[in-house]
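Make a model of the complete structure from these sequences and hints.
Taken in order, these protein sequences are the chains called A and B.
In terms of the numbering used here, the first sequence opens at residue 1 and continues consecutively.
In terms of the numbering used here, the second sequence opens at residue 1 and continues consecutively.
Treat each hint with caution, since some may be false.
Where chain A lies over chain B, by a calculated footprint (3+ residues, C-beta under 8 Å) [said to hold, decoys possible]:
hint, segment
1, 151–158
2, 166–177
In silico SDA-like pairs for lysine to any residue, Cα to Cα no more than 25 Å straight-line [said to hold, decoys possible]:
hint, chain 1, residue 1, chain 2, residue 2
3, A, K120, A, D148
4, A, K120, B, A178
5, B, K249, A, L157
6, A, K120, B, S151
7, A, K120, B, L243
8, A, K120, B, R161
9, A, K120, B, V185
10, B, K238, B, L112
11, B, K249, A, L117
12, A, K120, B, R150
13, A, K120, B, W254
14, A, K240, B, W254
15, A, K120, B, A257
16, A, K120, B, R259
17, B, K249, A, S121
18, A, K120, B, L156
19, A, K120, B, D153
20, A, K120, B, K238
21, B, K249, A, R149
22, B, K249, A, A155
23, A, K120, B, R253
24, B, K249, A, A150
25, A, K120, B, L112
26, B, K249, A, D124
27, A, K120, B, P177
28, B, K249, A, P118
None of these hints come from the bench; they were simulated from the model.
Quick reminder that beta carbons are idealized off the backbone N, C-alpha and C, glycines included.
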Amino acid sequence: MNISTTLFDTGALPREGGAWTKVPVSASAPAKRQGVSVALEGLTKSFGTRTVLHDVKLELNAGEFVAVVGRSGCGKSTLLRAIAGLETAEQGSIAIGGGLGKIAASVRIMFQEARLLPWKSVLDNVAIGMPRSLNAAAATLATVGLADRADDWPAELSGGQRQRVALARALLHEPELLLLDEPLGALDALTRIEMQQLIESLWQARGFTAVLVTHDVQEAIALADRVVLIEDGRITLDLKVDLPRPRARGSVAFASLEQRLLGHILNHPPAAAIAAAA
Amino acid sequence: MTSAKAAPARPSAWTPWILPVLLIAGWQAASQLGLLSSRILPQPWAVAKAFWTLAASGELWVHLRTSLWRAISGFAIGAGLGLLLGLLTGSFRRAETLLDTTLQMVRNIPALALIPLVILWFGIDETAKLFLLAVGVFFPVYLNTFHGIRSADQGLIEMARSYGLSGWPLYRDVILPAALPSILVGVRFSLGLVWVLLIVAETISAQAGIGYMTMNAREFLQTDVVLVGILLYALLGKLADLLSRGMEKHFLRWNPAYR
Chain A
1 MNISTTLFDT GALPREGGAW TKVPVSASAP AKRQGVSVAL EGLTKSFGTR TVLHDVKLEL
61 NAGEFVAVVG RSGCGKSTLL RAIAGLETAE QGSIAIGGGL GKIAASVRIM FQEARLLPWK
121 SVLDNVAIGM PRSLNAAAAT LATVGLADRA DDWPAELSGG QRQRVALARA LLHEPELLLL
181 DEPLGALDAL TRIEMQQLIE SLWQARGFTA VLVTHDVQEA IALADRVVLI EDGRITLDLK
241 VDLPRPRARG SVAFASLEQR LLGHILNHPP AAAIAAAA
Chain B
1 MTSAKAAPAR PSAWTPWILP VLLIAGWQAA SQLGLLSSRI LPQPWAVAKA FWTLAASGEL
61 WVHLRTSLWR AISGFAIGAG LGLLLGLLTG SFRRAETLLD TTLQMVRNIP ALALIPLVIL
121 WFGIDETAKL FLLAVGVFFP VYLNTFHGIR SADQGLIEMA RSYGLSGWPL YRDVILPAAL
181 PSILVGVRFS LGLVWVLLIV AETISAQAGI GYMTMNAREF LQTDVVLVGI LLYALLGKLA
241 DLLSRGMEKH FLRWNPAYR
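Laid out in structure tokens, this is it:
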């Protein structure tokens with residue numbers, strides 16, 4: 001256990017009510033860079049006797065969009081939860097924004113389920129943790145296109161709308177690092193593409209660092225600057241995605257990258273699968 | 001909250017009352033045809049007349065007020081303590097280890113089995129009745145509160161913590177509302193139970209109250225007054241149920257199941 005708990009000043013001051021009421025969602029706007037760099041060093045985590053993460057080393061640049069892919073149970077979600085401070089690693093260090101921090105105020109996570117409080121209105125859900133910034137919450141709700149649902153109960157929304165509320169909730173805190181734990185996994189194909197575009201445009205406008213955990217290789221290539229493959233708790237591939245944005249899924253370069261990544265995953269089946277096949 | 005949606009089509013508000021009205025009509029008919037002896041079951045009309053006489057003399061209201069007062073104070077003491085201790089043991093492991101075993105042992109003693117002891121302790125005055133009511137009402141509220149707190153969605157709690165909530169705000173905004181449906185189930189159950197216990201408590205020994213009125217009437221073979229008492233309990237029970245439903249509708253309006 002050598003994770004330092006000192007929290008260096010990384011400029012992560014709360015920026016309530018700043019000039020961000022209507023962030024233009026076009027890529028041409030001058031991006032407000034608010035991302036932080038992240039460095040993981042020798043991260044090891046186990047549940048009982050099962051080691052989920054083996055000595056993981058990963059560096060993210062400020063403002064970078066990194067996708068983490070892998071089969072289910074490979075440890076990718078645990079990695080994300082460790083960065084979020086929801087799991088404590090036995091060994092290794094997590095440095096957010098150059099300083100060794102446990103969980104900074106500017107790190108926000110989006111879960112696979114929206115996890116909205118059903119007894120609070122949509123607007124109050126967005127403002128959770130910041131109950132005094134209802135105006136900013138309403139503005140953020142507008143940027144995800146749900147301004148007119150502010151007074152509704154979460155139960156009245158569709159799955160995609162709920163995830164958009166969860167996205168607005170995370171964005172209200174002006175995160176420097178946004179962690180996405182398969183947030184689109186339960187959505188239908190069309191809603192999923194819409195959400196991907198929304199996340200991409202908000203990321204471009206705001207410039208936070210983003211880590212997306214997904215099992216969808218196409219989603220990873222569509223969104224990320226870099227795709228990291230995790231197999232059995234180890235990083236086995238770190239692939240740079242050098243395609244212009246917005247990315248056309250049908251393009252040759254896209255498809256070849258997708259093939260390459262899929263081939264890599266499928267050629268390295270987990271040890272248990274080999275044993276079962278034999 | 002304003003909702004633009006139209007209310008779903010409902011059966012008429014009178015539908016639930018069809019069966020009771022038919023029952024009373026059949027009863028009246030059976031008495032008039034001589035199928036029912038008035039010693040066993042007087043005519044509904046006779047019961048209504050007895051009700052009127054009792055109401056006009058003011059006797060009814062005295063008994064009603066006494067019973068209501070007992071029910072409300074007994075419920076307030078028992079349910080209040082149940083809520084408090086349930087919140088305590090549900091929220092703090094240490095309180096659970098300290099208290100829960102004892103409470104579970106006491107829970108398995110039927111409240112009515114305490115009657116002889118209660119009479120020895122408190123005699124036959126008000127305290128004894130309130131004690132019985134409070135003990136009986138305590139456990140449904142306690143158990144459901146405890147269960148509600150413990151079964152609060154861990155995912156929501158984790159989310160709220162990662163968004164900076166802790167301490168009282170976390171409790172107020174996340175844990176307590178998550179436990180509320182379960183707490184209200186306990187309250188509803190207790191409100192039903194309080195009448196059962198009240199009847200027993202008032203028939204043991206009392207100088208006033210609906211139970212006293214019916215026991216007294218039995219000694220003078222006034223079957224109609226006995227029936228007035230029984231029907232009053234039914235009405236009060238229904239009223240308590242309406243009250244708890246109203247609370248559910250208000251506090252759980254976010255939940256589609258309660259709209």
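Structure-based check of all given hints:
Under a criterion of three residues with beta carbons nearer than 8 Å to beta carbons of chain A, the stated coverage of the segment 151–158 of chain B is upheld, 3 such residues being counted. Under the rule that three or more residues need a Cβ within less than 8 Å of chain A, the assignment of the segment 166–177 of chain B holds, with 3 such residues. About 16 Å separates the Cα atoms of K120(A) and D148(A), which keeps this hinted pair within 25 Å; it holds. Straight-line distance between C-alpha atoms of K120(A) and A178(B) comes to about 11 Å, which keeps the hinted pair within the 25 Å bound.
Restraint check for K249(B) and L157(A): the C-alpha separation of about 20 Å stays at or below 25 Å, so the hint holds. At roughly 19 Å between alpha-carbon atoms, K120(A) and S151(B) fall within 25 Å of each other, so this suggested pair holds. Restraint check: the Cα-Cα separation between K120(A) and L243(B) comes to about 24 Å, which is no more than 25 Å; the hinted pair holds. Taking the CA atoms of K120(A) and R161(B), the gap is about 16 Å. The hint holds against a cut of 25 Å.
In summary, the hint linking K120(A) to V185(B) is supported, as the alpha carbons are separated by about 21 Å, within the 25 Å threshold. Restraint check for K238(B) and L112(B): the C-alpha separation of about 23 Å stays at or below 25 Å, so the hint holds. For the hint pairing K249(B) with L117(A), the CA-to-CA distance comes to about 18 Å; that is within 25 Å, so the pair holds. The straight-line distance between the Cα atoms of K120(A) and R150(B) is roughly 20 Å, inside the 25 Å bound, and the hint therefore holds.
Restraint check for K120(A) and W254(B): the C-alpha separation of about 7 Å stays at or below 25 Å, so the hint holds. Proximity of K240(A) to W254(B) is assessed by CA-CA distance (about 46 Å); at most 25 Å being required, the pair is judged violated. With a C-alpha separation of about 16 Å, the suggested pair K120(A) and A257(B) falls inside the 25 Å cut-off, and the hint holds. As the CA atoms of K120(A) and R259(B) are separated by approximately 15 Å, the hinted pair is consistent with the 25 Å bound.
In summary, the hint linking K249(B) to S121(A) is supported, as the alpha carbons are separated by about 16 Å, within the 25 Å threshold. Of the supplied pair hints, the one linking K120(A) and L156(B) holds, its CA atoms being roughly 12 Å apart against a limit of 25 Å. Between the alpha carbons of K120(A) and D153(B) the distance comes to roughly 15 Å, so the proposed pair stays at or under 25 Å and holds. Restraint check for K120(A) and K238(B): the C-alpha separation of about 31 Å exceeds 25 Å, so the hint is violated.
With a C-alpha separation of about 22 Å, the suggested pairing of K249(B) with R149(A) holds against the 25 Å cut-off. Taking the CA atoms of K249(B) and A155(A), the gap is near 16 Å; set against the 25 Å cutoff, the hint holds. A C-alpha spacing of about 10 Å is found between K120(A) and R253(B), which places the hinted pair at or below 25 Å, so the restraint holds. The straight-line distance between the Cα atoms of K249(B) and A150(A) is roughly 22 Å, inside the 25 Å bound, and the hint therefore holds.
Restraint check for K120(A) and L112(B): the C-alpha separation of about 42 Å exceeds 25 Å, so the hint is violated. Distance restraint check for K249(B) and D124(A): the Cα-Cα separation of roughly 20 Å lies within the 25 Å cut-off, and the hinted pair is therefore satisfied. For the suggested pair K120(A) and P177(B), the alpha carbons sit about 10 Å apart, so the restraint of at most 25 Å is met. The straight-line distance between the Cα atoms of K249(B) and P118(A) is roughly 15 Å, inside the 25 Å bound, and the hint therefore holds.
When the structure is compared with the earlier hints, violations turn up for hints 14, 20, 25 and for no others.
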